[in-house]
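Chains A and B supply the protein sequences, listed in that same order.
With the working numbering, letter number 3 in the first sequence gets 3, and the count goes up by one each step, no holes.
Throughout, the working numbering is defined as the position within the second sequence, counted from one, plus 1000.
Calculated directly from the structure, the hints in this document are not laboratory data.
Glycine included, each C-beta is placed from N, C-alpha and C at the ideal position.
Hints are not guaranteed to be accurate.
Partial pick of chain B residues on the chain A-facing surface, computed with a CB cut under 7 angstroms [to be verified]:
#: 1; residue: 1079
#: 2; residue: 1083
#: 3; residue: 1084
#: 4; residue: 1093
#: 5; residue: 1094
#: 6; residue: 1191
#: 7; residue: 1199
#: 8; residue: 1205
#: 9; residue: 1207
#: 10; residue: 1208
#: 11; residue: 1213
#: 12; residue: 1215
#: 13; residue: 1216
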Amino acid sequence: MSSVFLQGRSAARALRKSKALTALLFVTVTVASYAAHFTERPITSALVYLMGVMVIGASRGLRSGLIAAVVASLIYSGLIRNPAFQFVPTSLDYYVPLFGFNFAALLSGMLAGRLKDRAELAEESRSQLDLLLQFSSKLQKAVRIEDVAQALYSTVSPDVIRDGIRPYLNEHIEEPERSAVLKVLDMESPADLIGMPADTHRLAVQDIDLPAFVDLLSMAVDRCGLLEDRAESQARLRSEDLKTTILSSLSHDLRTPIAAISASATSLKRFGDALSPAVREQMLDTIEHQCTRLDQFTAKLLSFGRLQGGVAALQSEPADVAELLGKAIATARANGPERLLNKQWADKPLIVMANPAMLEQVFFNILENAFSYTAPECAIAVIAEAHEGHASVVIRDNGPGVAAESLDHIFEPFFRSNQSKHTTGQGLGLFIAKGFVEAFGGTIAACSPHSAGPGLEIAITLPLAKDILEIEADG
Amino acid sequence: MAEQILIIDDEPAIAQTLKPVLAQHYTVATAGSAAEALRRARHTAYDVVLLDLGLPDADGKEIIANLRALSCRSIIVLSARHQETEKVAALDGGADDHLNTPFCIDALMARIRAALRCPNSTAPVQNFRSKELKVDFATHRVQFMDEDVKLSPKEFALLEALCRHAGQVVTRRQLLLAGWNDPAADGQNLRTYITLLRQKLEVDPGEPQLIVTETGVGYRLMATLES
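Please model the entire structure based on the sequences and the hints provided.
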C-alpha cells in the first residue's frame, strides 16, 4: 500500500519537473477518452479527461491546469463528442465540459499552489529550527565565553553577525544582557574556524530566527558567567582550605621540634650539672635530631612552594637515576637506624632529563616514607631498570601496607592515613614526589598490597633522555 | 702558629657559636659584612675563610674574587641546600668548597681540615694515602684495601683530581677539565667513568662511601687521611 503511495508521489514529482511527461499524459488521456467514447462509454470518457486535467493542474500549477482545461474542452467538445468538427457553441453539451474542465483545473491548481506555499514555509521553518538546534547543541558544551564565541562563529557567517544579530541586539535587548552578548560578538573569530564547512556561510540574515537565536546566545553567556563565578569561588575555597591546612601543619610541625629543643636546652642550662651524663647526652641527641627534623621540614616546605608556584623553571639536565638513588639511600640511612635494603639495579648510568636535586628528593621522600611507616626489621626493595624507553624505579616495603581508602589519597598534600597519625610526617613527602615526577614528564603510582607482599609499593617511570637512547641504539 | 680563620656571616648567632669552638684549634676572626671582611683580609692572610653567601651588602661572586685577590688561601662557602646553581657559580668562581646549612660541627671541622691540607702550589704532593686508598701520582699506582687496582688513564686522571682535593667538592667542570681538558665535554662520559671508578673502589657501588655525589654540583672523595 505504502509502496503504491510512494510510487504515486515520485510520479507526481516527475510530472512537476518534466513538460514532456505532462504532454505525454495529456495525449494519453486524450486517446483514452477518445477510445472510451467510441466504445460507448461516454461517462468514462468524460471522467478520464477530467482526471487528466486535474492531475496536470495539481502537479504543474494553476496556469498549466487552465491551459490543459481549455485545450481539453475544445478537443472533447469538438473532436470526441462531435466528430464532425462542428465548433458551434450552441449546445449546452458544449459548455458543460468547458466549464467542468476549467473548474476542475482551477480547483486543483489553487490547491496545488497552496500546498506548495505551505511546503516552502515548512521547509524554511525546518531549516531555522535545524540551525537553532545545531547552535543550541554546540552551546551545551560551552563552559567559557570563548566556547560560546566559537559556537557562534562556527554556526553563522560574520555577515549574519554584523547585519542581523548586532542590530537586533541594539534594538531589542536591554542592558546588561546586551553588553554581555556584545562581548562575545567582539571576540576574534577563532583561527581554527577559518576552514569551516561552507554551508554554514550560506545562511542569510533572513534565514535566521533572530529572536530565538539571540535568546539562546544570551542564555549561554549567562550560564558561562555563572559557571565562571562558581569555579572562582570553588578555587578560592580550595586555596583557603589549603592555606588553613598549611598554617596548621606549619604550627604543629614547627612547634613540636621547637618545644623539644627548648625543653632540652633550658634543662641543660639550668640543671646541667645535676643531670647524669646519660641524660645530658640524651637531651643533646634530642636537640640534634629535632634540628634535622626542622631542616627536612623546611626543605619540604620549599619544595611545596616550588610546586605551588608552578615548576616551569626546573632546570632539567641529564640526571643518573642510579646515582641519585644511591645518594638518597645514603641520606635516608644517615637519619635513622640501620635498615635492610635490597638494591637491584645495573652498574651503569640510567639517564633521565630532570633536576638532579629534585629527583634525589623524590627518592629520599619515598624512602623516608617507607622507613618511617615500617618496622626497622622490615626489608625494603629498591629496583631500577630501563624499560621501553623509560627508567622505572620501584620502592617496595614489607610493612603493614596502606588501607584501600587511604591509598587513593596518599599523594594529596597534608594527607595522613589513620595508621600514620602518630608518626612525625607532615604529609608532604609523597605529594612533592608526585609533583616533581610529573613535572619531569614521568608517572608515579602507589599499590598496596603488591605482588610480593602486603606492604606499599611506589612505582615511578621517567622517560629516558633521548640522546642516551640514540647512543644505545647505535651501540 | 695557629692557622687563621675568618668567619663572614651577617647572623651574629652563627659567628658567636662557631668562634669559641674553632678557637680551640685556630685563630678566629669574624666579620658581619662584606666591607668588614675585605678590610680584615687586607691586613691578614687568612688560611680559611667561611663565607655565608647570603650577605646583605655584597654579591657572592664579587666577594669571592676580591678575597682571592687578597691572597686568602681557601674559601668555604656556606649556603642553603637547595641553591645548587649558586653553589656551582661560587665554586667555579674561585671558592674551594661548600657546606650546606644547617650543618653539624663535625662536617665543618672536616671541611676546614681538608682545606688546610690542600697544599700551596710551591710544594706539589706526590701521593695520596688514606686508610683504604693509596695513590701514587707519579707512577699511577693505585691500591684499594691494600690491593692493586688497575685504572685506565681517564679513570686515573679523575681519581687524581679527586685525591688532590680530598674531602673537598670537585665540580663537574673541574673534573671535565682534568679528564678531557675541556670544561664543555659531554657530562655523560664523566658519569660513566665515575661509575667505573666506583665499581673498582667502592665496597657497594650502589651506595658509594668513597666517591660521593654532590647532587647538581660534582663529586667529593670522602677519605680519612693517614697522618
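For the hint on residue 1079 of chain B, does the least C-beta distance to chain A fall short of 7 angstroms?
-> violated, 13 angstroms
Hint check: is the beta carbon of residue 1083 of chain B less than 7 angstroms from a beta carbon of chain A?
-> Violated, about 10 angstroms.
Regarding the hint that residue 1216 of chain B lies at the interface with chain A, is the smallest CB-CB distance below 7 angstroms?
-> holds, 5 angstroms
Classify the hint on residue 1208 of chain B as holds or violated, based on whether any CB of chain A lies nearer than 7 angstroms to its CB.
-> Because about 6 angstroms separates residue 1208 of chain B from the closest Cβ in chain A, which is inside the 7 angstroms limit, the hint holds.
Could you check if residue 1205 of chain B really has its C-beta closer than 7 angstroms to a C-beta on chain A?
-> Residue 1205 of chain B check passes; min Cβ-Cβ to chain A is 6 angstroms, inside 7 angstroms.
Go through the hint on residue 1207 of chain B and say holds or violated, using the shortest Cβ distance to chain A against 7 angstroms.
-> holds, 5 angstroms
Under 7 angstroms, Cβ to Cβ, is where residue 1199 of chain B needs to be relative to chain A, so tell me if that hint holds or is violated.
-> This hint holds: residue 1199 of chain B lies near chain A, its Cβ roughly 5 angstroms from the closest one there, short of 7 angstroms.
Minimum beta-carbon distance criterion (7 angstroms), residue 1213 of chain B to chain A = Holds. Min distance 5 angstroms.
Given residue 1094 of chain B as an interface hint, is the shortest Cβ-Cβ distance to chain A below 7 angstroms?
-> Since chain A brings no Cβ nearer than about 23 angstroms to residue 1094 of chain B, farther than 7 angstroms, the hint is violated.
Taking the least C-beta to C-beta distance, is residue 1191 of chain B closer than 7 angstroms to chain A?
-> This interface hint holds because 5 angstroms falls under the 7 angstroms limit.
Does the CB of residue 1093 of chain B sit less than 7 angstroms away from some CB of chain A?
-> Hint on residue 1093 of chain B: violated, closest Cβ of chain A at ~18 angstroms, above 7 angstroms.
Should the interface hint for residue 1084 of chain B be scored as holding, given a Cβ-Cβ cut-off of 7 angstroms against chain A?
-> Where the cut-off is 7 angstroms and the nearest Cβ of chain A is about 5 angstroms from residue 1084 of chain B, the hint holds.
In this structure, the earlier hints numbered 1, 2, 4 and 5 are contradicted, and the remaining ones agree with it.
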